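Participant: Below, each chain spelled out in residue letters.
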Amino acid sequence: MTCLPEKTGKKLGLVIDLDICVGCHACVTSCKEWNTSGYSAPLSDFDPYGAEPDGAWLNRVHSYEIDNDHWKGTVHFPRSCLHCEDAACVTVCPTGASFKRAEDGIVLVNPDTCIGCKLCSWACPYGAREYDQDDGVMKKCTLCVDRIYNETLPEEDRQPACVRACPTGARAFGDLGDPASAVSQTVEDRGGFNLLEEFGYKPVNKYLPPRKGSDHAPAVPTTPTKTTGAPIEKLFAWADRALSR
Amino acid sequence: MHPAYSVILFTTSSGAGYGLLFWVSIALMAGDMSHTHWSFFFTFALAVALITVGLLASTFHLGHPERAWRALSQWRSSWLSREGVAALATYLPVGLLGLLSLLKITTGAEPFLALLCALGAVATVWCTGMIYASLRTIKEWNLTLVPVIYLALGAASGGLLMGLMTSILGGQNHWQGAATLLALGVALVLKLVYYRHIDSDDGTYTAAQALGMGTKGIRQIDPPHTRPNYVMREMGYDVARRHALRLRWLGLLCLVAVPLTLISLGILADLPMLLPYLFAVMAAGIGLMLERWLFFAEATHVAMLYYGAPRA
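Protein chains in written order, with UniProt numbering: chain A, 1 to 245; chain B, 1 to 312.
Keep in mind that the hints were calculated from the coordinates and are not lab data. None of these values were measured; they are calculated from a predicted model.
List time: in silico SDA-like cross-link candidates among lysine to any residue, alpha-carbon distance up to 20 angstroms:
id : chain 1 : residue 1 : chain 2 : residue 2
1  : A       : K118      : B       : S73
2  : A       : K118      : B       : V7
3  : B       : K104      : B       : I26
4  : A       : K32       : A       : D54
5  : A       : K202      : B       : Y205
Reference listing, derived: stretches of chain A covered by chain B, where coverage requires no fewer than 3 residues with Cβ under 8 angstroms from a Cβ of chain B:
id : region
6  : 57-67
7  : 192-199
Backbone N, C-alpha and C fix where the C-beta goes; we use that ideal spot for every residue, glycine too.
Next comes chain A alone, as it looks inside the complex:
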């Protein structure tokens, strides 16, 4: 059913910290590794070692330079499905293959009923869906639905592969519908925000802004710093005078 649920029990999603993401792409490769044999399997590649490598990936990391009134510097920017509350990718689907789960808000594609019309990818403002030309169906982030509830995995592994792989802890997973959850608290403390808020699709995933750094690069000192009168300084002062003669 491609009508959206009126309310979801939980709002599972990711919180991505743009302050500490170093752009290493570990989340990208771990996502591909897990999902090419998981719910979204396969994530086909074409010509992977050739001149025109191409394939379906569920997570991409861009690097931008930002320079405006609020921020300056480099931003590494992971981009994947935001599991929107008002997900147009779900309502445009003609078959019901694209759906939002009422229990936890995860947006999924049923690979057995998707006809591969690509309309959902047209409806997504975030470019989060990628068509698998080999499999003939649309692929997207599953929030690792086959990990997070998987009781055959050790408890610490029951979170999305990207979160588990991040070496700097820039990604967190949790219930953003529960104001007391750790992720909601972090969003509250750090001023977490939505991508393209003005568009109004109410993404569940949140991004944390880079902390404010200095606006200027530190300058190289030009004048000597104050003297302490140590014997070694007297030696240097004598050498300076001798050489200046």
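Starting from the known structure of chain A, fit chain B onto it as the hints suggest.
Facilitator: Below, chain B without anything else, positioned relative to chain A:
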């Protein structure tokens, strides 16, 4: 947006087919045609053939065409599904009326069936336009004008085909030429308004908004992949501005100016209408393909903000 040839063929062919279905049904209701006459049957059959070719073409770009029947299920939310339902529902009166015409049976229900055919044609073309107009991510499509243009172009191209068929098969149809000229004129005005509108809209959203960080000052320094991915190929298709302007004029010339001139001249000079309609249909076919190709090629997608587009 990437202009897929199957989608161009689908929208132009089924649009003209539904336009022809509309006019032939109106002619039957008006008493200008009789369903027991072969001229009605062949005109009707051409409409059904164009519609069917178009609908089949629309399944060519699917990853799984064998699952296309599933697209009929989500009419509550999806315009694509509504289009499928409307198209299939229209086949019911079309099939019945076609059968009655083929077997030359008169039941008295023919005008009613023709009315259902005409309504089905309008509804289906409206749904086709709404598939595009409902996408908020593409500002060149997200306009009420879009389904109206689809209707006008369907009426114009169907009207030209109706004129061609009447001039081949014979029959009186004094109002048809005037209706077609009117539809061509309306289509021209709507397209000019449309082009003016999309040229004046630079886009509401910026790359910085896409990142949620202010409104300006974003530059992509390292892309996420070394070669274009699906999103860039599908959503990033861009036609050179200079070419787009030339193609717009060429499209409108073929689609409107040539048919309008030929048919006006033919009517005014009281010529046999076969050749004017034949050349008008050929020119309009080329013009329609150009118009539809541009409809896709000139459309820009918000997701391209992540790939270096400054505004969308």
